[in-house]
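Protein chains in written order, with UniProt numbering: chain A, 1 to 539; chain B, 1 to 405.
Just so you know, the hints here were simulated from the structure itself, not pulled from any lab data.
From a predicted model like this one, the values you see are computed outputs, not experimental measurements.
Yeah, the Cβ is synthetic: ideal placement off N, Cα and C, and Gly gets one too.
Possibly wrong hints are sitting among the right ones.
Pair by pair, the computed Cβ-Cβ distance ranges are [what the hints assert, rightly or not]:
id, chain 1, residue 1, chain 2, residue 2, range
1, A, K223, B, Q51, 33 to 39 Å
2, A, L519, B, K129, 38 to 44 Å
3, A, G268, B, Q51, 32 to 38 Å
Just a sample of chain A residues kept apart from chain B, beta carbon distances all over 10 Å, derived [unchecked claim]:
id, residue
4, P129
5, A157
6, L191
7, P282
8, M301
9, V381
10, A396
11, P446
12, G465
13, G532
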Amino acid sequence: MEEVLETQVVVIGGGITGAGILRDLALRGIKAILVEQGDLGHGTSTRNHGLLHSGGRYAVRDPEAAVESYHENLILKKTIPGSIEKTGGLFVKLPEDDDDYAQKWLRSCKKLGIPVEEIPVEQALREEPYLNKKAQAVFCVPDGAVDDFTLLVDVCADAVRRGAKTLTYHKVTDIVTEQERVVGVCIRDVLTGMEKEIRADIVVNAAGPWGMEIAGMAGVPLKIINNKGMLVVFSHRFNKRVINRLRMPGDGDIFVPAHDVTIFGTTGVNTENPNDFSLSRPELEHMLADGKALIPSIDDMRLIRAYSGSRPLYQTSAGRGSSGRDVTRGMALLDHHERDGMDGFITITGGKLTTFRLMAEKTVDLVCEKLGVQANCTTNVETVSGRRTGDSFNKADIAPAARHKLRNWAGVQAPKIESALKEEESSHIVCECEQVTWAEIEAAMPEKGSFRLGGIRRRTRLGMGPCQGTFCNFRAAALAAEKGRATIEEADGALLHAVSERKKGMGVVATGETARQLLLMETIYRVSLGFGEEAHQNV
Amino acid sequence: MLDPNILETTYEKCLKCNACVASCPVSGVTLDFGGPKHLGPELKRLVDNQQIIDDKRIEFCTLCGNCDMSCPENVHVSTLTAYAKAIHTEKSGFSFRDFVLSNAELVGKMASAFAPVTNMAMKMKPIRKMMEKMMGIPEDRQFPNYQFKNFNRVYKNKTSGSKRKVAYFVGCYATYNAPEVAGSFVKVMEYNGIEVAIPRQKCCGIPMLANGRMNRAQKNASDNIESLLAYTRRGYDVVATCTSCSLALKKEYLSINGTDEARELAAHVYDADEYLRMLKEEGELNVNLAPMKDRAGYHAPCHMRAQGMGNPAMDMLELIPEYDVQDLGAGCCGQCGTFGFKKEKYDVSMKLGRTMAESVKDLGADYTVTECGMCKNQLDQLTDKAVKHPIQILAESYERAKRAI
């Protein structure tokens, strides 16, 4: 081992569950280190709808999850306002949808306390011009949109501010056990290859789809079903509110407005491999055919990319017959001491983005019990710094559209970005689709570590627009090299990686304009910039 | 409020390639304009169905339409910039000056009623100084003359008796400033055995669009569509001598009105030279044109080019024996309708006009030919050559042929 660290708790997995646990631990004064194999949100947490559930979707099938969702919805709107847009949501009943279900749904929402308000169909059509004109009934619910990228970044930053530590791009290579007890983890820095060990009292497995692999390292049997769902991004935001279909939840029936795009999904196919992010054209077409019922013109709209992620679903029948401590059918908190006789090891899995805070609360309650710490959870009241900064950036000489974006985005970094914008070069728009300035990009770069466009993208929206980085990826890489923020080799590598990642998501939706966009992108990189399959040329 | 039902969705097709920025005359001379890509498709995507963002820089868009022509994906860039203008005007209001400038028709009526006085007043320094100070109309900017004997006073035909029937969309400029152009058009049609009817008409709406007055432009569009359809449905072709008017009828109405009626009308609209060229192709044109030994330079107005019909004025002028006409190929004139009459745009207008003025000088022709009255205004100010409408040249050639018999 080249480096040995010590802490009280190691959290494996930099998704939203892990991040929530890290923050909760920090708030309760427990020392913790989060280990993540890639960037924050490498897995499921950034590969979903970004829907803040009102509970409406589960009201009939899973009342318990519905109540949890609604409760957490209210808490998150108050405590993490910067990453949530209170869009509201609609449940739309179409002629072919079952009347009985609608009645059951209304009754159940009423019983569970989820506020539902019916609005006239004409009003809904006026407000949502793309909605199917044949809609029979429309109900408003308090759904919202979550930016999962900023949510993760902000929750982690808050934890770090309170003394926690994160190690991204560190892969767990082994779980260290001593006499039926987990005492630490072995990790490898995937960028440098450096091997490290962290000694800890408790290890929390919050690795989502990779949870089985982690449990396996501790010699604990665990069956997780990875249920892969596909989502697509439309080139612009065409709905003001979340649009759900009022029927038994199925494929392709949710449209979520997210910043300047609309996200639509999803599907469900079981997969063995947690690293399986594959995309299938038939699956996409099937989903679009379903979605047409709600938004008939989606065939004419431009899709800019697709992505997929796996829901880690816990299966109780596995293991040694013990059901662990099922918090609900949605989330599973497993005390492996109780379940498998392996002390110091906890798995938290299942659940939803909307209920991550509750999952963290339950997990940390168990950690406290094990450590003998008396501390109550405060994440239901303690707020994470917001993102909206009112009428800041008044003096910045930038396009009103860029100013608008910064006011809704810059958050605690506003003073830093505002002062950087005084320099003319920093106020240049690098990504035009999403109006990202160089000042923002610089603020999003890590103090140390290598230059990566993906990390910048998740923190600024660079390259998330319709052109998918055709122009801004090379601009950002070239500027970074020019300004000494990256070596030329780093910039080259980052650019190649970013472009190939963008191309993967575009390929499956590449018809019409997106096919031409892809060709334009390839031509720019291959012909104009002279990039081959591998990085040879300089930026 | 803007009508949200105009769902102009072509912005979805933008590949961000910058062809429109490269071809934008204004972007070429100033950084004060945010460019057609940003203020057109890009901004529309960011505000569509969302919070409106007002960008003042849209004032620098002249609605010349070069962006539309350059776009490989057929994005209606100038319709989208017109939308941004409408947002800006709705958010920030419009000045008295912009109200006046955008009301070409009202101003025409009033100015031509007192034509000699108006024309004199517009050349008096103290008055111009006052106008610059109070209205922001630059002192040095020349104005077109207004004619007391405007075309409405001299020609009142409401129907046509010939086999081919033309409903002439005269436009504000030929009505109030250049009735001689309208007169020449009627003559040229007569030489071809076509009687000309003048339908009831309002300003085409282009000056209103350019000043962000979308609602007024839409009102005029629906009035004109109604009035002109009454003619086309009786077998008339609608012909205009002003290329901005024909662009509006053919293209802008499809976006700002968007009805089936707008599409029906558009199919019957011709630019004057385009109409004559069509007659030639059909073998119906009177080709008895007398030789003219003039040497002319042709300036192609942006709104002519935006119609994607080649260069019908050149095609027609080349039919005149011994006539020597050459394309100046100088791009945008910089007057850009009402744009060049505004103090804060005057520098840009002059910069844009320089290329054109230089190529007129280099060519050293006898005079300049162009269809657009506003291009003529800039040519009058920046060059010492006379400026004529192609239809005037054709009329003269026909006239000479008749006298020779």
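Verification of the hints:
Checking the proposed 33 to 39 Å range against A:K223 and B:Q51 shows it is violated: the Cβ atoms sit about 47 Å from each other. Against the hinted window of 38 to 44 Å, the Cβ-Cβ separation of A:L519 and B:K129 comes to about 57 Å, which falls outside the hint. Distance hint check: the CB atoms of A:G268 and B:Q51 are about 35 Å apart, consistent with the given range 32 to 38 Å. Remark: the non-interface label on A:P129 conflicts with the geometry, its nearest Cβ contact in chain B lying 7 Å away (cut-off 10 Å).
Non-interface call for A:A157 relative to chain B: holds, since the shortest CB-CB distance, roughly 27 Å, exceeds 10 Å. The Cβ of A:L191 sits about 32 Å from the closest Cβ of chain B, beyond the 10 Å cut-off, so the non-interface label holds. No Cβ of chain B comes within 10 Å of the Cβ of A:P282; the nearest lies about 24 Å off, and the non-interface call holds. Once the 10 Å rule is applied to beta carbons, A:M301 is inconsistent with being away from chain B; the minimum gap is 7 Å.
A cut-off of 10 Å between C-beta atoms confirms that A:V381 is not in contact with chain B; the least separation is 30 Å. With a cut of 10 Å on Cβ distances, A:A396 stays outside the contact zone with chain B, its closest approach being about 14 Å. For A:P446, the condition that its CB be more than 10 Å from all CB atoms of chain B holds, with the nearest at approximately 28 Å. Not every CB of chain B is more than 10 Å from the CB of A:G465 (nearest about 8 Å), against its label as outside the interface.
For A:G532, the non-interface assignment is confirmed: its Cβ lies about 23 Å from the closest Cβ of chain B, beyond the 10 Å cut-off.
Hints 1, 2, 4, 8 and 12, counting from the list given before, are not met by this structure.
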